[in-house]
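What follows is each chain in one-letter form.
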Amino acid sequence: MVLPDRFLAVLIDCLSIMRTSVYRLILSLLIVAWASASFAASSFDHSRNVKRVVVALYDGRDAREPTFTQVHKRLELPLNYLGYSVEYHDVRKGLPDQHGMEKAVAVLTWFSRPLEDWRTYLTWAEEQASAGVRFIVVGHPGASAGGMEAKALTNAFLAHLGLKSHFRYVADGFRAEYSKIDPNIIGFERDLFRIPKPFDHYTPIDPNLNVHLSARFVDVDGLKESVLVSSGVGGVFVQIAYTYYYEHSIDRLRWIINPFELLKTALADEPFPIPDTTTLSGQRMYFSHVDGDGWNNVSLIDKYRNRKALSSEVLLHELIEPYPDLPVSIALVTGDFDTLVGGFKKGLKVAKTILAQPQVEPASHTHTHPFKWGFYENYKRADEQKYLDLRAQQVGKWSGKAVLENVGTVVGADNSALRLRRYMSGGTEGMPRAFMRFPFKLDQEIGNSLKFVDSIVPEGKEAKLVQWSGDTQPFEAAIRAARKAGARNMNGGDPRFDLSNPSIAYVPPLSRKVGDERQIYAAASNENTYTNDWTGPFYGFAALGETLKNTESPRRVKPFNIYYHTYSGEHLNSVKAIRTYLDLARSGPYTPVKASHYAAIADSFFDVRLEKRGSLRWAVHDRGELQTYRFDQADNLSVDWARSEGVIGQNRHQGSLYVALDSAVAVPVIALRKTENDADLERPFLEAARWQIKNVHPETCGLSFKAQGFGPGQMTWQGVKPGLYSVSVEGAESRFRLEASVDQGGELSLTLPDVQNRETFVQVNCTGPLRLSKMNGEGTR
Amino acid sequence: MKGRYFKAALILSAAVVGTYFLFPDPNAEISILIKDGRHDEAYQLAQKSVERSPKDTILRMELAKLQRYRGELDAYEGSLKAILGEEPENVIVQNMLLDHYFTMNNEDTYFQNLEQVALHTKDPAHLSHLVAFRRLDGNHEQELRWLKLLVEASAASLTELDTSRLVLLLLKDGEREEALAYFRTLDNPADAGVDIWGMRAQVFNVLMKTGEPSEAGERAKAWIAQSTDVAGLKGALGIMMSDCWEMGRGDIAVNLAGKAVYRYPELGLAASRFAYKLGLSADAERYLEFMLEKNYAFSSEELGEFVSLKAQFQGPMIAAEFLLAYGPEKVSGEQVVSLIEMLLQAHQDDLAEQLSRYVPADERRFFPLVATKLAMLEGNMVEARQLLEPVKLETLEFSDAEQWFELALGLFGPTYVRQRFLDVPQLGHLNRELLTTYAGFLKASDDEELQRVLIALGGRFPVKGTINGPNMISVR
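Respectively, the protein sequence lines represent chains E and W.
If you use our numbering, the first sequence corresponds to residues 1 to 781, in order.
If you use our numbering, the second sequence corresponds to residues 1 to 476, in order.
Heads up, some of the hints might be wrong.
Said to hold, decoys possible - Here are a few chain E residues that sit away from chain W, every Cβ distance over 10 Å (derived from the structure):
| hint | residue |
| --- | --- |
| 1 | Arg305 |
| 2 | Leu340 |
| 3 | Lys352 |
| 4 | Lys372 |
| 5 | Arg391 |
| 6 | Lys441 |
| 7 | Asp607 |
Claimed, not checked - Covered, in the sense of this in silico footprint (three residues per stretch, anywhere, with C-beta under 8 Å from a C-beta of chain E), are these stretches of chain W:
| hint | region |
| --- | --- |
| 8 | 212-225 |
| 9 | 254-264 |
It is worth saying that the hints were derived from the structure and are not from the lab.
A virtual CB, placed ideally from N, CA and C, is assigned to each residue, including glycine.
Using the sequences provided together with the hints, build the complete structure.
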């Protein structure tokens, strides 16, 4: 229940005209009491902050950590997309206390079987539901049907969802028939089963329950009907067989329900600014990052092969130097340059050259490249020694020729490398890390690796990103080590949505929570998953486009990310596959950023606090690097510039309104108004830019702002008065002057010269009325 | 002579070697270059060679592969398509193109091509792949189409799910004869699995309804005799027995159940339950007795059901005596309570009290109505009130609702009863029977409350024995 603003206003008005303090006190107490009762059930907490946390309960018997839960794998992405974060609790370790529930907008469960301590859970759930907390129940409600107490508790709880269980399993789906199908919720990625799957018998007890899917069946005592999917004031309920279909023979699934719509139904009472991690300056964000695996591998490409060029050199010449306008984060496996562990000095020179490129962001891909992070959480050298012994046996069995062949692709196969090969995985299956000569040390992997990268970069650059290696499942202490070293962290998730992974269910959420730490997932998968673990076909990464397309439309759920390894430099077709997408990034409507910037934006998603300040008006607190806020189904909404503070632009895409904030403003306020169209523009605002824009100051006749970015600064402003303009661009080392014109549509298009991501000040001043000859053209430069 | 032949052979060999060096085999040369990693040279040679011999498919395929190696993917696709344009039956090139489309993850082109190749080659792997993807899509018409082709190509390649889907989809589409024809071909009585048994149950139904009960019976007997999947059989048995009964063939039901129970005594409870539902009480009892004869080791849950069935067949007294002799501690408190309830209804208060000792005190609160009655029997009104008070009206089943009303009136009086209803914010969540009873209990002066009840009942007021007639009520 939400306290209606209008009603609150009337009460406050009454309060103000009350003459006696006693009446005022009574009325105040009444308001407080009502508000307190309302908050428990509303989308706001006591401070009028929008509640954005969904508490997910999971059964630790089925998933040893949240990463392996159905909620994380299937529902956290839609929840993130809708603006919510998820906090996980293993029900075996206790249920959230009142403090833990204060920020919760709902509780989400996806149990596959009765809980061990169902009594405690259902008692707690019933209490929470009584207090107005919404529940999203997917699958099993939690208790076995074997006892009267379990039945009573189950139904007491389900009553809040408007349902009653009859504890009857209808196994004969063949003879059942669907009685209601809501096309908005059902049939999202696949059609409903022609032959209904078996189901449990639930009936509605709330006449206002929204039944999205139901089925009729014949029981011994007549025709019955069962709810399969429903939503109501108490939350959402989905029977397990009707969530998605899993085809065992190909190990793939597709949704039946529409998780976006269903969750929205369950959670959103009214719109709020959704922190958006996909878009910056009104356009889809672009970033690229490279893991340094295969740095020292000799390229097999003809023109490089003869001179035994490294894959990293190919990277430099083919994928980095030709694209100075596209930032890329290069993460070194620093052990690759450490001769004590089996690395080679030769690759270091290439590393220094690459990291010196202006568009390159230095990063670490660890020192010894752990493959199995879990192995090192409670590390014992003795356990690793077993692998080393195995490795020694393998090396011992090899003939000299085989040894040379094994390391033959690696340049500098000198004596030290051969001597240390027994400590190197050499790609051998099952080894826990690449360089194992010395015992594992977390400091060495994270802090020292970052420091090493820092030691070889030009002044002014710093490694501020750790790109996880191997299985990309770092343990809590590893993530903490990255944070304490002042670095962001990223990788994992492997988002794909294409023929091989034909569902949005294969697109992971923003992050993986590990204890108190958070790992940010990459926004796309890398070439390894497209090339059958780099066994070929090596041009497989050319298929990245399908995922790019499917994560852009009909919902933009991920930014544009090109993520690959240095070993892509081994083959001509793998290089070309990457170039295809670099060319696309260069020519398309994207806003390029560094990978660490994306990681920071994703991290910020979880810190943002939205304070409601009246109708369609919110203050944005603690937003860190996150500058874009989205409103869905917002064709009739527009930024109310007069009531907003620190808002620099808006753009529309697929029915959503993307609002850009000024990073220079500490606590911006977003206000919206209902509008028929955007014709009644009040002031200049940013529509889209390839650069990041801040410190925007609209002026009587023109505007000024600061801008920085990679490549030419293409940007479009709207709401500018028609006329001719002069544009001056001043940077630390550069100064330019341009001319532009704005036609009657109010659009100002500019392309500022490349300033290599240095901050520049831009002043746009009107210089005169629009000349007829310029009216139909774009802005001149 | 020998010398002459030798000379001729020598001249011939020299001619062959000479020809080879004059006109070397480009395929071999390309292979050598590729092996040496000299792809650019191989590519140039392949291009020239194809220009010289444009009909040489092997060379054109080599060129295509080199185009792929160089990342010239449009050219690669074009080369393969060109070869196929001239040699549509070339399976190798078909598969190369198919692999390419799969690698490129382009759904439309991949499936178009896969369908063509599958139709042409009838390769079970391709057909199975199409079946799987169409099933994933939920496109059952296409799934059926490819399933039929898969059966034609290789019936042995069908999974249990494939077999079941083929038959069931046809049945669902009303294609009875076709479904039965496939079923008769594909059913192997020894097969197991949920899908297989699901299909059998439906086919059994069809056979029974379409005048072929003997085939239904014979097949079912074969399944029971040969399948080792007791869980699957258990699920299907109930459906098959019900179908028999519906068709007036209780004899077949009994026959099947008997065979099933004698082979698997653990099916006794299920068979008994269904037999009892079908009115075959004597057979139902027989199955239970058979379980006892075989000294079947009941689980707690099974024993509870056994006693419950016994109570239904032979009355709660006999069941209670059996349980007291067998060991009430072996079943759950809930099952004991269930029996107590039946005993109370049958006014067997002594037996009820005897059994009540086996319901742990801390479990009584979970069966508040029965526990309240027991406390009242014991004359402990304070405990009775304590047990009844926490009962939430929203959770009451139909049969419990009236009991609650009766007990609450007796223990607390009408004012309390009225207050409990007033405390419920949304009467719509309550049992309709309870609401109707409540409405009858209200006085004419309770007009507002009556309206609330009426609204909760959806505007319809099935008043029974009411003080206030329905005419008094209207929704404003």
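Original post:
Which numbered hints turn out to be false for this structure?
Top reply: 1, 8, 9
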